[in-house]
Amino acid sequence: MLEAIDLSKSYGTHKALQDLNLRVASGEVYCLLGANGAGKTTTINLFLNFISPSSGEVKINGVSVNKKPVETKKFIAYIPENLILYPDLSGLENLTYFTALASKSRDIDHLENLLQKSGLHMDAARKRVSGYSKGMRQKVGIAIALAKEAKALLLDEPTSGLDPKASNEFSDLLKALSGDGTAVLMATHDLFRAQDTGSNIGIMKKGQLLEDYLAKEITLPDLEKRYLDLMKD
Amino acid sequence: MIGHVAQHELRRQFRDGRIRTLLIVVTLMLIASLVLSLRDYQLASNQYQKNLSQARKNWESQSTKDPHDAAHDGTYVIKPLYPLAMIDKGIKQFSGQVVHLGAHERKQSTLNEAKDHSGLFRFGELTPSFILTYVIPLLLIFLGYNAFTEEKEKQTIRLLLVQGALLSQLALGKWLALFLQMIGLWCLLFVAAAISSYSVGSEISADVSQWMALGGIYLFYFIIFINLIIWISAKASSSGMSLTVLLTLWIIITLIIPKASTNLAGWSYPFPTLQTFRDNINEDQTNGLNGHNFWNEAAQDFQQKVLDEYGVESIEDLPVAYGGLLLAEGEKYESEIYTKHFDLLQSQYEKQRSIYRWCGLLSPMLPVRFLSMAIARTDYGFLWHFEDEAEKYRVEFNTALNMNIAENAKGVNRYEAGRELWASIPEFDYKWQPPQEILRDHTLEFASVLLWAILSFLLTVFFTRNIQIV
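So the sequences go chain by chain: S and R.
For reference, each letter of the first sequence is one residue, going 1 to 233 in my numbering.
For reference, each letter of the second sequence is one residue, going 1001 to 1470 in my numbering.
These aren't lab readings, by the way, just hints derived from the structure by calculation.
Treat the hints with care, as some may be off.
[To be verified] In silico DSSO-like links for lysine-lysine, alpha-carbon gap of 27 Å or less:
#1 S:Lys151 <-> S:Lys59
#2 S:Lys165 <-> R:Lys1259
#3 S:Lys134 <-> R:Lys1154
#4 S:Lys205 <-> S:Lys225
#5 S:Lys74 <-> R:Lys1154
#6 S:Lys68 <-> R:Lys1340
#7 R:Lys1392 <-> S:Lys67
[As the list claims (entries may be wrong)] Here's a subset of chain R near chain S, in silico, CB distances under 8 Å, partners left out:
#8 Met1001
#9 Leu1010
#10 Arg1018
#11 Lys1154
#12 Gly1164
#13 Ala1165
#14 Ser1168
#15 Ser1314
#16 Val1470
Values in this document were obtained by computation on a predicted structure and should not be read as measured data.
Virtual Cβ for every residue (Gly too), placed ideally from N, Cα, C.
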């Protein structure tokens, strides 16, 4: 579903990403771990076509992002680290607008159901987003992805700053989404969340994917030890 | 897609209390300016009708007198007020409203409105054209300066793009939202002004096409600002930067270039002082016919010509009163001198206009103002057209009186005419310059506005396609 083939991105002499090869199939949650500047966000931005690769190729659902950017947008949804919606509109109105842009059904009952499915209470969904916590905004983000019927979800540090309960609820939502066949690529610093939510875990450093594991084959202590070892210079 | 974006922008803006307040303030200003203009127009229209009939009444009720004395007393013509002057008063307040038509001398309009006020009148009034030219562009800037920058700062633009929106669609949607807000105010002003102008019941009316033409010019002006706002907002790195750049542009377009071009035009092609202007006319008149001088060379030549025409040897043998013929001929001759000197003034003004036209490439406000004043019949073009027509009438009016002397004063010791003659002189019937003629005279101004609108729109469409997202 999500595929990076020999993907590189350079800014002048600085290599932000080097020869990344990565594949996230439907129903998988691939967690990219790494320190700041490791290349996680660059990878996400390349999938989103916000930047162009220096070499290599990015494919979504088998379609080249660079060659057919508009077509690939149909398959994906995106939740950034700090999802800022339109504060003067309610959660439901935000969802309606983003869904309209994706040319999907804007039936209010349907959208309300999606917000509820994402864990947002209806009384909150009708209030202005200016009063929302980060967790509530992330839930609207999930509802946007659900309304779009996205085949792939790209997440950039989605749980940073969330309290443990909200973070846990968010993980459950991701698991439910992947259970429905959505491919998820998540950049995160959170080893626990990666091990708990992910089906695959990759560790990046200085633009390179150093190692990757199946989540079920590595314990959290081992993952933590391996991560810390790799982060040493 | 574009419609969704526009609808979303409008909803967001109407939810913002600051924007609502701003819109209410500008709407109230617009209504106030319209009410004041309507009151002025009503007063001026009533005054016009009253003065017109009074001037005619005064003329027709003159006592028995020498027709040439009556010509010296003269009559008045009143400058009519076109309904569109409600929107743009142009130079109306600073140019005279009345022209005295007498013998031998072409006079300029007198009794201007500004003289009835204190010097502070020069600070300007709250008029619809002020709101249209200065306030609405400023309002549009405040409504749209952060159209793109806020999306970039809050990163909502990323979500919009991921949802499948194209940058060009977002730009056009935001453009449409600003346009719809502007068109609301535009409609309010022009529809209300047009309807209320008909309610005044003036004999002078402007047809719908004229209202549309004036409104269309301002529509183009606002579109230029909307284009610039969307373009700058898309290119600026922050909302603060966007606002600073747009306010600077507003200052340049509405204040600096227009004022600098006035200085440049006056400096490059100065008008003569009133004293020089009069001296030049006097110099030309010195050796010509003036109707009262029988002895100079020009008068002698004319006398010989008349004698030849009638085939007689002396004035006494003429079947008509020679004095009347000389007065009529002198009037035509003097009028030609005035026409020559007024034409020089007008050609100087045309040269100044060429400076304004070039400066119009730097500021769309200049061609818009010139077009607006021309369509509202409150510009120099109208003033001169009216004064030229009044001068033609003055010559006809004097010729009729002088020829009456020529026909009736032969052999009479003191010829005097009465009310029958005064009533037989036709009234001044001013014919407005046809709209096509005005438009033809302002083709370059119109082309300049069109060029601004097209270029700024292309800037918006092409440059918003490549906004740096990351």
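**Asked** Out of the numbered hints, which ones does the structure contradict?
**Response** The structure breaks hints 2, 6, 7, 9, 10, 14 and 15; every other hint is satisfied.
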